[in-house]
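2 protein chains.
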Amino acid sequence: MSAPPFDAAAMAELVRTGRMALFVERAHDLEPADLADVLASLDEDERVAAVRALPPELSSQALAEMPVEEHAGETLAALAPEQAAEIVDELEDDDAADLIGELDPVTQEHILAGLEHRAEVDQLLRYDEKTAGGLMTTHLMKVRDTDSVAEALEEIRRRSEEVEDFYQIFVVDRRDILVGTLPLKQLVTSAPDRPVREFLEEADIRVAPDLDQEEVARVMARYNLASVPVVNPAGRLIGRVTFDDVTDVVEQETTEDLLRFGGVSGELSSDVVAAVRSRLPWLLINLLTAFVAKSVIDAQQDVIGRLPLIAAWLGVIAGMGGNAGTQALAVTVRRVALGLVAAGEARRVIVNELVVGALNGLANGALVAAVALLTHTGGATLGLVVGLAMVGNLIVAGASGAVIPLLLHRMRIDPAVASSIFVTTFTDVFGFGLVLFLARVLLLH
Amino acid sequence: MSAPPFDAAAMAELVRTGRMALFVERAHDLEPADLADVLASLDEDERVAAVRALPPELSSQALAEMPVEEHAGETLAALAPEQAAEIVDELEDDDAADLIGELDPVTQEHILAGLEHRAEVDQLLRYDEKTAGGLMTTHLMKVRDTDSVAEALEEIRRRSEEVEDFYQIFVVDRRDILVGTLPLKQLVTSAPDRPVREFLEEADIRVAPDLDQEEVARVMARYNLASVPVVNPAGRLIGRVTFDDVTDVVEQETTEDLLRFGGVSGELSSDVVAAVRSRLPWLLINLLTAFVAKSVIDAQQDVIGRLPLIAAWLGVIAGMGGNAGTQALAVTVRRVALGLVAAGEARRVIVNELVVGALNGLANGALVAAVALLTHTGGATLGLVVGLAMVGNLIVAGASGAVIPLLLHRMRIDPAVASSIFVTTFTDVFGFGLVLFLARVLLLH
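Line by line, the protein sequences give chains A and B. This note's numbering puts the first residue of the first sequence at 4, with every later residue one more than the last. This note's numbering puts the first residue of the second sequence at 4, with every later residue one more than the last.
Next up, chain A with everything else stripped away, as it sits in the complex (with noise of 0.2 Å):
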């Protein structure tokens, strides 16, 4: 269908019983993203023996291609600094800077000090890793604007060597300002002898070392590039960023945000130490806002002594509630996370969603009302308080899952993070309010 079929299980087991010959001979056919599964199967042990055996420039594509959660750092840690300083040389420096990045300082000072390419990196170890410095390569194809095509393409044979793929040419002016790009196709098919300054196009789409990754991702996707030029604020072209790097950073945020969606900070991780430290702290809030909604059912206990049976009609209206606020609030997260909802129309937004809230409501009040008077006898009244809590619910649902991301990002907080728990704790408050409210005057009259 796509890849080339390989037996990720078969591999790993030649590893485990130490077939190793066997193991590198079939490595060499294998794609790094592959090979990288083969090693994440493994234990921490047994990697190390496979990549101890593997050749480096094997081993360290591999090790790049790792998924962060697996730490291929701590592979790297285990070896002889000097094997480690081989394999990292291997990279390109952008990889080599996030592998390193990943040790404690004594290790990165062991393995930096045999590396041929130690400037490069260390430049790069200098950037917060999740910024476009972070994930720039210094490696790049660029030409002076006072080339011609024939010396351009002699200055381009002459770095291809180093270069491992470029998507764009970069033209410098002799103090390295990025003065412009060079589109291969124009470089391949225009005669030698003309200046590239003719076919120069402009840079204009370039970002700062220091911007954030999700940002970098957003100017790629939206203006369709390969690559990026980052640029230093006096202009200087000081590395690139592609659209591989980028991938990764969609994937790490898309889950940062569902998790985030989920109630779970931090990242994917099988550690159970640190999946208790992630969670616990939105658990605890959790608690005490679940004692906002539970003080409001203490204040009305009297109503629950006299009529029992409403103490189960109190789940059905909250839950709803917090169902029906989740939808609004997924919406509308992803609205606000995709630039959709424009200054001005928040009003808009949240009208919307009173409607549907109110909508939705109706069908469910009346289906509620209905099961309350077939099911309990003289239920009409019954039928009436939960139908009615339930409308007023699903609206307070639809407008507090609208209006909170909007506040929330107003004030410059990501949505993502806080929202449903205010959301639900709008909902429990206002539906155990509603539900006993309504009881009271209705029923116990």
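Honestly, the hints are just simulated from the structure, not real lab data. There is no bait here: all hints are sound.
One side only, chain B facing chain A, incomplete, derived with CB under 8 Å:
hint : residue
1    : V253
2    : Q330
3    : L362
4    : D431
Quick caveat: nothing in here was measured; it's all calculated off a predicted structure. All C-beta atoms, glycine included, are put in the ideal place defined by N, C-alpha and C.
Position chain B against the provided structure of chain A, taking the given hints into account.
Below, chain B alone, put in the same frame as chain A:
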């Protein structure tokens, strides 16, 4: 910082006040995505007026860049068929097919009839838009396996008019069977008289036209490809998908996943009727499960009658179970989506979640026990009841948050769609039942 600064509101205002000449003049300086934003911010009538005024080479790109939600096809349909055809003819065949694919058959036929490149667009329209065939363009760079480097370069020059961007040169045999790829770099850096066969790289990674778009995106991300060849079952090269087509797919799929997780089927839309239609079914299913949970309370109504204060605790325990279950669910769903749960690892994932649930249960259980102890006279036993119920329910939450998505995944159902409803039903039923059971046994004797 990144994109050239431009004032979308000012541009839109030019259209609204009828200053079309100035609008068109300024539009020439905008990137297509920026012009698309301006069009998206206009009303339908204004947008049609703007598109009428723009030259087709500008309006076509901007319409192609408009977000799916804005239905650029409608604007196209409002134009005279000849003008619409002129605009569509400016587009790459894949963008043309996407735009035309939105329209009803009659309008489609009117526009198709006026197209110069009708055959290509017709061919692409035959594929499901969410497959490789729907994403691909038929415009690509290909050379014959018998060519020399010089002949290949000549062929590329000839085709460079028609092919907008290319990242790979495909090599085919005389029957158009894909035999390999030629890195652009090789072509630029090799002697003209060498045969291209010498530099051929294997094209192992290829996709079938009916492969789902999400799978296409995964393959390209995994192997860091800027473009991937689409081949028919016989091995004939029929198109290519480029990274920028796939960026949009990732964005769409992220939206879909988050919405599904929030209980919303369908797409983002600002239409109230569409919103109700996409949310009401989910709410009705939730209502059904809420009645299941309610029946647990109804069955124990005598406990509530004799001990009304327990009613307020029901929501606390069930709610916290729902939160913890959603956390476990978000983590497991994401791990499954990223392919991080290998065969045979399911048991370890479930055990981990059980342990995390137990630990979080102990922390929260101790807290609620303390609160019960401090707020009720003789609250020690009540504390025991709610503390034990919390521990038990958070263990159930962890287990069901892991087991349910893993089971659904094994049954080939997308766990993002249906998991949360099962998890919260479990935590509600179990939470209510446990509190009431423990209260009966420990408090009512």
